[in-house]
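So the sequences go chain by chain: A and B. Those letters in the first sequence? Residues 1 to 368, by the numbering used here. Those letters in the second sequence? Residues 1 to 222, by the numbering used here.
Everything labelled a hint here was simulated from the structure, so no lab data went into it. Just to be clear, a hint being listed does not mean it is correct.
With beta-carbon atoms standing in for the labels, derived distance ranges [unchecked claim]:
id: 1; chain 1: B; residue 1: Arg67; chain 2: A; residue 2: Ala335; range: 20 to 28 Å
id: 2; chain 1: B; residue 1: Arg138; chain 2: A; residue 2: Ala306; range: 30 to 38 Å
id: 3; chain 1: A; residue 1: Leu251; chain 2: B; residue 2: Arg173; range: 19 to 27 Å
id: 4; chain 1: A; residue 1: Asn360; chain 2: B; residue 2: Arg59; range: 16 to 24 Å
id: 5; chain 1: B; residue 1: Gln135; chain 2: A; residue 2: Leu302; range: 28 to 36 Å
id: 6; chain 1: B; residue 1: Gln135; chain 2: A; residue 2: Thr241; range: 49 to 57 Å
id: 7; chain 1: B; residue 1: Glu72; chain 2: A; residue 2: Thr2; range: 17 to 25 Å
Chain A is faced by these chain B residues, among others (derived, beta-carbon under 7 Å) [claimed, not checked]:
id: 8; residue: Leu54
id: 9; residue: Glu55
id: 10; residue: Val70
id: 11; residue: Val104
id: 12; residue: Ala203
id: 13; residue: Cys206
Over the 10 Å line for every Cβ pair with chain A, so calculated as not near, a few chain B residues [what the hints assert, rightly or not]:
id: 14; residue: Glu72
id: 15; residue: Glu100
id: 16; residue: Arg113
id: 17; residue: Gly190
We put the CB at the ideal spot given by N, CA and C, even for glycine.
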Amino acid sequence: MTLWRMILTNLRRHRVRTAIGATGIALGVATMLSVVGLLGGAVKMFEQILRNDSQMVVFEKNVSDLFFSNVPVGLAAELEAQPCVKAAQPVLFAVIASPGRSIITCFGIQASDGRLRRGKWLQGSVAEFKGDAVVLGERAAGFLNAKAGGTIALGQGTYGVAGVVRMENGFENGGVFMPLPACQKAFHKEGLCSVITVAIADGHRLAEVRDWIGTNREHFSAMDNDEFSRSYAQFQIIKVTAWVVGGCAFLLGGLSVTNTMILSVFGRIKELAIARVCGFSRGQVARMIFGESLLICAIGTLSGWALSWAVLYGLRAIPQFQGYIEPSLGWAEVASATGLSALTALLGAMYPAWYAARLNPAQALRFE
Amino acid sequence: MTQVMVRDVWKSFDGGRIEVLKGVSLEVAQGEVVALCGTSGCGKSTLLNVISGLEEVDRGMVRVAGRDVVEESTRVDLLRHHIGYVFQLHHLMPDLTLAENCLVPIIAAGGHRNEGLARLHELAEATGVTHRLGQRVRELSGGERQRGALVRSLMNDPELLLCDEPTGALDERNRENVFDLLLELVRSRGRTMIMATHDSELAGRCDRRVRMRDGTIEGEMN
Numbered sequence: 001m002t003l004w005r006m007i008l009t010n011l012r013r014h015r016v017r018t019a020i021g022a023t024g025i026a027l028g029v030a031t032m033l034s035v036v037g038l039l040g041g042a043v044k045m046f047e048q049i050l051r052n053d054s055q056m057v058v059f060e061k062n063v064s065d066l067f068f069s070n071v072p073v074g075l076a077a078e079l080e081a082q083p084c085v086k087a088a089q090p091v092l093f094a095v096i097a098s099p100g101r102s103i104i105t106c107f108g109i110q111a112s113d114g115r116l117r118r119g120k121w122l123q124g125s126v127a128e129f130k131g132d133a134v135v136l137g138e139r140a141a142g143f144l145n146a147k148a149g150g151t152i153a154l155g156q157g158t159y160g161v162a163g164v165v166r167m168e169n170g171f172e173n174g175g176v177f178m179p180l181p182a183c184q185k186a187f188h189k190e191g192l193c194s195v196i197t198v199a200i201a202d203g204h205r206l207a208e209v210r211d212w213i214g215t216n217r218e219h220f221s222a223m224d225n226d227e228f229s230r231s232y233a234q235f236q237i238i239k240v241t242a243w244v245v246g247g248c249a250f251l252l253g254g255l256s257v258t259n260t261m262i263l264s265v266f267g268r269i270k271e272l273a274i275a276r277v278c279g280f281s282r283g284q285v286a287r288m289i290f291g292e293s294l295l296i297c298a299i300g301t302l303s304g305w306a307l308s309w310a311v312l313y314g315l316r317a318i319p320q321f322q323g324y325i326e327p328s329l330g331w332a333e334v335a336s337a338t339g340l341s342a343l344t345a346l347l348g349a350m351y352p353a354w355y356a357a358r359l360n361p362a363q364a365l366r367f368e
Numbered sequence: 001m002t003q004v005m006v007r008d009v010w011k012s013f014d015g016g017r018i019e020v021l022k023g024v025s026l027e028v029a030q031g032e033v034v035a036l037c038g039t040s041g042c043g044k045s046t047l048l049n050v051i052s053g054l055e056e057v058d059r060g061m062v063r064v065a066g067r068d069v070v071e072e073s074t075r076v077d078l079l080r081h082h083i084g085y086v087f088q089l090h091h092l093m094p095d096l097t098l099a100e101n102c103l104v105p106i107i108a109a110g111g112h113r114n115e116g117l118a119r120l121h122e123l124a125e126a127t128g129v130t131h132r133l134g135q136r137v138r139e140l141s142g143g144e145r146q147r148g149a150l151v152r153s154l155m156n157d158p159e160l161l162l163c164d165e166p167t168g169a170l171d172e173r174n175r176e177n178v179f180d181l182l183l184e185l186v187r188s189r190g191r192t193m194i195m196a197t198h199d200s201e202l203a204g205r206c207d208r209r210v211r212m213r214d215g216t217i218e219g220e221m222n
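So here's chain A without its partners, still in its complex pose (with noise of 0.2 Å):
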């Protein structure tokens, strides 16, 4: 018999209040990590997007959203022509409306841009990607009903479509991928792109890029692609919406877990008066109490991971989300999630604990 088995004894004998206060907390757990993890695998879909076999991106300085930053097409050759450079792709974020579809994400870009070289080709040909002709990803021909040959209405204007590819990324596959000067035409930005995605040449440091930019290019930010993903608000706006979220979730948890160790230390008063006359210290108490918090959370945390695991799983498989969700969980994630429910399971059990420990054995022992 050890504290352990006292503890375990004291949960199962009240199942379904176990049941209850592991149930707040993998619920919990399960809400943070499926959040987090669409989440973060949206972000990460809008960074492969971004990363097209380059490293850094350039962009127009202090803009909000990308969708507002208007580079200069030409400062794409002037990257190209400077021998730190191995290519440079502009490329143009657009939102576009057709008959029955109000948002298509279209990406007005050059015939030699990597997405047409990646997707694979299942009509048409790059060949045909030029004037007012499109490539549709696979999923957008579908809903658009369109295939190689034949015409579509975007915004205000009629396409041909050049071809059908099918893309990884589930925004690609989605979207409609113009040829940039019909693009700009289209969304009155003639002469522009949004961003810039830079290769570096080899034997060449992203520094070289960076100080280039810098020196010559005062109102253009160039960053490497990891730092980008760091340092881009509407990202960082989406990971801390997805803790804060999920935090919030863990509070709702850790109310139930404060609940069912109320009831649990306010259940059994004489037991913990016993307990003490028997030579429990008050710390010795308090552990007890903690420790079954804890256990309670443990199993929830189990049981969060597996819920959050099926509801991730589950929605990958439905066809209407293929390519759109691509979570990301990774370690860091899962025991982030771990360690808020243990601090949860600690918060959670501060009052009962503090209650049972400064409980005065002679009157709990009177008590009825």
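Fit chain B to the known structure of chain A by using the hints.
For chain B alone, kept in the frame of chain A given last:
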């Protein structure tokens, strides 16, 4: 050698409105068996509680085995190693087995499990509950529960046993059996016992009978 020394102890409840002990003094020597007699509400249980440290005194001094029962650490140490307590009701934990209940003081004292089990079997043998050790408390009879409570109180081999109406909830036959057992265990080990009781017959079998009345020690009875 003095085992328990109580000097001019005052204890009240409800912010001083209810005075339960009014200047009580008592000395109990090592190995003595003392009965505290008196009507309900005269302060017997409260006196036992202040001796064990479960209740703090308002004024006065309580010393057990030469140690002042003031600090929390002293109280805990005395309850772990020096004092055993038996109540009118067994106060065993219903969802634990009898053996598990009896091992609670060993857990509290951080004792070794095997030593605890050896002691448990010795005491269970002496009290006749060996065959019941693996059963949950709710499956035991009233007499068995009280014997179990007795075993638990003796698990840490206490020098001082405090008993608050230990046979008060038992029928006549069990009352005799449990009390005989209690006396035998205490006397054979040379332990000290202070027992609060209404039962003049049981009190008559103790070494001393101390009469309490209205929160004071009225005197000793022959």
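Hints, verified against the model:
no., hint, verdict
1, Arg67(B) x Ala335(A): 20 to 28 Å, "violated, 48 Å"
2, Arg138(B) x Ala306(A): 30 to 38 Å, "holds, 35 Å"
3, Leu251(A) x Arg173(B): 19 to 27 Å, "violated, 58 Å"
4, Asn360(A) x Arg59(B): 16 to 24 Å, "holds, 18 Å"
5, Gln135(B) x Leu302(A): 28 to 36 Å, "holds, 33 Å"
6, Gln135(B) x Thr241(A): 49 to 57 Å, "holds, 56 Å"
7, Glu72(B) x Thr2(A): 17 to 25 Å, "holds, 24 Å"
8, Leu54, "holds, 4 Å"
9, Glu55, "holds, 5 Å"
10, Val70, "violated, 16 Å"
11, Val104, "holds, 5 Å"
12, Ala203, "violated, 23 Å"
13, Cys206, "violated, 22 Å"
14, Glu72, "violated, 7 Å"
15, Glu100, "violated, 5 Å"
16, Arg113, "violated, 7 Å"
17, Gly190, "holds, 22 Å"
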